[in-house]
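S.K.: From first to last, the protein sequence lines are chains A and B. The first sequence begins at 1 in our numbering and counts up by one. The second sequence begins at 1001 in our numbering and counts up by one.
For the record, the hints were derived by calculation from the structure and aren't laboratory data. Backbone N, C-alpha and C fix where the C-beta goes; we use that ideal spot for every residue, glycine too. Hints should not be assumed to be uniformly reliable.
[What the hints assert, rightly or not] With the Cβ distance kept under 10 angstroms, some of the chain B side facing chain A (calculated, not the full set):
1. L1014
2. M1016
3. A1028
4. V1040
[Stated by the list, open to error] What follows is a list of derived Cβ distance ranges for each label pair:
5. A/S21 - B/G1308: 56 to 62 angstroms
6. A/R79 - B/L1133: 51 to 57 angstroms
7. A/P62 - B/Q1168: 52 to 58 angstroms
[Claimed, not checked] Residues of chain A clear of chain B, computed beta-carbon distances all greater than 10 angstroms:
8. P2
9. S3
10. V6
11. A19
12. R22
13. V28
14. G30
15. I31
16. E43
17. W45
18. V58
19. T70
20. T73
21. A95
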Amino acid sequence: MPSMVVIATTAVPDHLRGALSRWTSEVVPGIFVGSISARVRDELWRAVTDTVGNGAAVLVHPAATEQGYTIRTAGTRRRLPVDFDGLTLIRMTAAAKAKETQSPS
Amino acid sequence: MLPRIADSLSFLYLDMVRVVQDDTGVCAQIQVDDSRTDTVYLPTAALSCLLLGPGVSITTPALTTLARHGTSVVCTGSGGVRAYAGILPDSLTTHWLEQQVSSWSDPDRRLDIAIRMYQMRFKDADLPTTVTLDQLRGMEGQRMKALYKILADQHGIGRFRRNYRPDQWHTQDPVNLALSAANTCLYGIIHAALLALGLSPALGFVHAGTQHAFVYDIADLYKAETTLPLAFALHDSTNPEQEARRRFRDNLRLLRLLPRIVRDTQTLLTTTPPDTLQNDDTDEDPAERRDVHMVHLWDPKTGALPAGVNYAAGND
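Bound-form chain B, shown alone:
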């Protein structure tokens, strides 16, 4: 069985190389100087996603081989700080997209996922089982306020207030500027991860109404440990935006977050409503089951029907 994104979390980030298909496989050619070109062969079949940073050129045969092996290709900024476009292979499973859309369109399951998103952020808190979204939003607000205060105290700055208004951009304090820039980087890498899984970045569970709603949902899970401490550390920087981007890029901190983003997103989307839990008699991995050789046909009563069957018999 070939590895898929479900069991292989291989993300490979490349920049400043030429990716070609040669006689043996797909390789990245690294120009060392005028007279020397090193090559690195890419394990296309074992790779779930290839991230192409700046300065990469790739040939059509190379892309074809990647597509044939089910590898998603995403064009990103340096160090994955932006996501520009995703190229999804034909063979990518639609399992996660179907999970997302079906949970999103069912108000009860959507609420369940929204609650679990907040719960992931309050790992230590003991939440009552009947907690409402209102209460969670309130708790989240209090936590953020407390976190802002702790960080502000740590760095010896006075009161901090998050400013979201783009029209006041140039009058903002360094922490706000650094935080906005760092968050944009975080959105980039999350966007790339969602594209690689074949998910829709637009269908969020907590956020709504923008093409990046789901990106914002997932990003909120990590801000407290990634972008916020970074932004506060830059409180006396003269160029906080650039510095924030550079720190994320240079240490490739965001790339290291990728496997976690994939795992957490998959955990969130794996919901089995309690009433169907009992009659689920197969113990196969759901992603495994979904790995169809041919397309399914959908039926409102029976669920999935095998395709490639002529169903005309009963009707004539």
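If we strip away everything but chain A, and leave its shape as in the complex, we get:
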């Protein structure tokens, strides 16, 4: 049974966007929305993880969790899904602050 998926991509190769657009609609640049079966979803996601390179992608699809959906990511960005005992929240990794460069007066 097909279910809705959302795939958000950042800086992925053009051929991957082509592959995604064959199954889904690119509603805004980089955001693909479609209604596909779990099997197609897994195949597409495998293509994404194989070719993501320096880019990043996130897949959101319905699941039998308390929240009703699950999140999968490929590539690394500052936002990281973290599991809090079944509840998935997004952890924003902070950029390391520059060390104090000024010498003490």
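For chain A, the structure is supplied; the task is to place chain B on it using the hints.
M.R.: The following block gives chain B in isolation, referenced to the frame of chain A:
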């Protein structure tokens, strides 16, 4: 409609973080090292209960936002093994508390709930409809005895006898010590769940006479599958109490029990006496109906009356 504890079972446990309200929402700040602080935004409006473990500091604006969204906040021990205090938001429904108090104060309904508590523990047993509380207590005793024996055999220990006497604490065997420590952990998480629902932990249906009577009632539903096997597994531990607490904490096994505790408690308290079943013409969810925008006035004859109405007219 905003999610409530009735349809959303979101418990979030945090420890070793600082919870603040910033420009956009409530977030937990996680100190990674001296130069880096990660943030996790909390879905306050979709969350029923926030459990604060050790090492959390929270600001008043953050608490205010949580209260505004109807999120209960409970201060707990590590991994929810203790419940110290509950902060209930103004907007929390009193539906479950009213259910508890009205069932508790009516001897027939109280007995019905006590019976159903035993029935929940004997899921496979075919109980006669006219079973008395005496018989159930007896059956429960036999079952526990049998369970003790099975577990003792499994772990190759001789006869096991539960010892409740605190004055003999240090002379007790490891299983008894581990069981006491594990049960205390179980009471903690159940206490937290009851506080989050706005229930009174003191009004029990089977137990009575302590501030934790209802906690003990609910805990009994889970001991056979949680604390007992754990305690017997620790029969040759050198520090059974600590080990029991650690096993519950490390695997966060108790936190995973939370949604079930809430569901089972709500099922137990949802009793409609047979005589009122027919004239209940609304098919709304009872919790839904109770979600009043303003307070009700109580009337012994008609039940709930709308508030905010001046009833002086007929009397002058």
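S.K.: Now, for every hint given, state plainly whether the structure supports it.
M.R.: Cross-check of the supplied hints:
The beta carbon of B/L1014 is positioned within 10 angstroms of a beta carbon in chain A (closest approach about 8 angstroms), and the interface hint is therefore held. For B/M1016, the suggested interface contact is broken, since its CB lies about 13 angstroms from the closest CB of chain A, more than 10 angstroms. For the restraint placing B/A1028 at the interface with chain A, the shortest Cβ-Cβ distance is roughly 9 angstroms, inside the 10 angstroms limit, so the hint holds. Because the beta carbon of B/V1040 sits about 5 angstroms from the nearest beta carbon in chain A, less than 10 angstroms, this interface hint is met.
As the Cβ distance of A/S21 to B/G1308 is approximately 57 angstroms, the hint placing it in 56 to 62 angstroms holds. Between A/R79 and B/L1133 the Cβ separation comes to about 55 angstroms, which falls inside the hinted range of 51 to 57 angstroms. Restraint check, A/P62 to B/Q1168: a C-beta distance of roughly 55 angstroms satisfies the suggested window 52 to 58 angstroms. The beta carbon of A/P2 sits about 26 angstroms from the closest Cβ of chain B, which is more than 10 angstroms, so the claim that it is off the interface holds.
Annotated as non-interface, A/S3 keeps its C-beta farther than 10 angstroms from every C-beta of chain B; the closest such distance is 21 angstroms. Look at A/V6: its CB is around 18 angstroms from the nearest CB on chain B, clear of 10 angstroms, so calling it non-interface holds up. Here A/A19 stays apart from chain B, with its beta-carbon at least about 32 angstroms from theirs, past the 10 angstroms limit. With a cut of 10 angstroms on Cβ distances, A/R22 stays outside the contact zone with chain B, its closest approach being about 34 angstroms.
Distance check for A/V28 against chain B: the nearest CB is about 22 angstroms away, which clears 10 angstroms, and the non-interface claim stands. The Cβ of A/G30 sits about 22 angstroms from the closest Cβ of chain B, beyond the 10 angstroms cut-off, so the non-interface label holds. Listed as outside the interface, A/I31 is consistent with that label: its C-beta sits roughly 21 angstroms from the nearest C-beta of chain B, beyond the 10 angstroms cut-off. The claim that A/E43 lies off the interface holds: its Cβ sits roughly 31 angstroms from the closest Cβ of chain B, which is beyond the 10 angstroms cut-off.
Residue-level check passed: A/W45 sits 25 angstroms from the nearest beta carbon of chain B, beyond 10 angstroms. No Cβ of chain B approaches the Cβ of A/V58 within 10 angstroms, the least distance being about 16 angstroms, so the stated non-interface status holds. Against the 10 angstroms criterion, A/T70 stays outside the reach of chain B, whose nearest CB is about 15 angstroms from its own CB. Separation of A/T73 from chain B is adequate, the least Cβ-Cβ distance of about 16 angstroms exceeding the 10 angstroms criterion.
At the 10 angstroms boundary, the C-beta of A/A95 falls inside the reach of chain B, the nearest C-beta of that chain being 8 angstroms off.
Consistency with the previously given hints fails for numbers 2, 21, ordered from lowest to highest.
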